[in-house]
Amino acid sequence: MDAPADDTLDFSAPAMVEGIAHVVAVEGDLAWLEPEQTTSCGSCASSGACGAKGIGTTASRLEARRFSLENHAGLAVGERVVIGIRENALVKASLTAYAIPLGTLLGSGALAQWAAGSDGVTMAAMFGGLALGLGLARLNARRLNTRGDLAPRFLRRADEAAACHPVTFNKKVGA
Amino acid sequence: MKAYILLMVSAALVNNVILARFLGLCSFMGVTTRIDTAVGMGMATTFVITVSSMADWAVETYLLQPFGLGYLRTVTFILVIAAAVQFTEMIVKKVSPPLFQMLGIYLPLITTNCAVLGVALLLVEGRMSFISATLFAFASSAGYTLVMVIFAGLRERLALAEVPRMFAGPPIGFIVASLLALAFMGFSGMSAN
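These protein sequence lines are chains A and B, in that order. Numbered according to my numbering, the first sequence spans residues 1192 to 1366. Numbered according to my numbering, the second sequence spans residues 86 to 278.
No wet-lab data here; the hints were simulated from the structure. If you're wondering where the values come from, they're calculated on a predicted model, not measured in any experiment. One or more hints might be untrue.
[What the hints assert, rightly or not] Covered by chain B, according to a simulated footprint, are these stretches of chain A (three or more residues, beta-carbon under 8 angstroms): (1) 1283 to 1291; (2) 1294 to 1300; (3) 1312 to 1323.
Cβ coordinates follow ideal geometry from the N, Cα and C atoms, glycine included.
Start from the sequences and build out the full structure, keeping to the hints where you can.
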């Protein structure tokens, strides 16, 4: 993928899903970022009473989602930036993580049921199929990652108006 | 074979989890503002419902029924679902950290999705074999994903439409959902034939 970082100006380029992240550490040419925590629903007018509000807001969960970018833009710790992934990347990731294991699970279960007709054998075959599917998903995820399909890109620095959730910065880079 | 196909069509379309059983309405309204997020949530829910239903069937058949512990069913199933979500999260993280970074946000939301528990309880009512239970769970969750994606597509178009101000946002979403439910009622004629 040799597309430039500013390919959002190119209308023939695939659309990007944008999100806001904080720079939490800079190490050489790498900037470590944490996504700004929002609910997957993007919040709404009823956010005060929403059951999704408390989910995943812990520091550990944010740290688990920490990622790195090449720091061509000279980002500094504490900066807020807009990052983007290709619109079809989420669909590709979902198909890889879930559809492949489910396909092998159901396929092996159907075969075992047809061949043996026993619940025990079907169950064992399904677990085998699930393990096989997870292996295949791992291979495909590695292929996608090598091609750069899953990597977020730096788009621009975020303006102050986009602020929504305060985050405490942690300069120590996590695992 | 015919029985399995009928079971799956019935679970996915005729008795759709969202539009006929009214389960999972929180995510139905909350995560359908974009098609790609609806696909992400739908696929994750499909995986978790299928895996947790397999585990729920085993727990029901080999533990709850033989020892007369049916009164612990709901609590046990919730525990199994939470464990299945944790298992999925661990597996996705292990299989591919980049995938976990992209999809991890959807998994905790599934624990509180009543469709997951609803499907597991329907399996017990149906007294199905293991393969039937798994196919029923898979088809139910595929129907859930289908409706989520259709509704997300409609909402993306609605966002560009000129809607009267008093109907803008969730109100027009609910009206569209009701029309979608009416459309899915058309599938109920299939079960009569």
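Per the coverage rule (Cβ-Cβ under 8 angstroms, at least three residues), is the stretch 1312 to 1323 of chain A covered by chain B?
-> This one holds; 4 residues, not fewer than the three required, reach chain B with a Cβ under 8 angstroms.
Are at least 3 residues of the stretch 1283 to 1291 of chain A within less than 8 angstroms of chain B when you compare beta carbons?
-> Three-residue rule met by the stretch 1283 to 1291 of chain A, so holds; n is 7.
Quick check: the stretch 1294 to 1300 of chain A, covered by chain B? Criterion 3+ residues, Cβ under 8 angstroms.
-> holds (count 3)
The earlier numbered hints are all upheld by this structure, with none contradicted.
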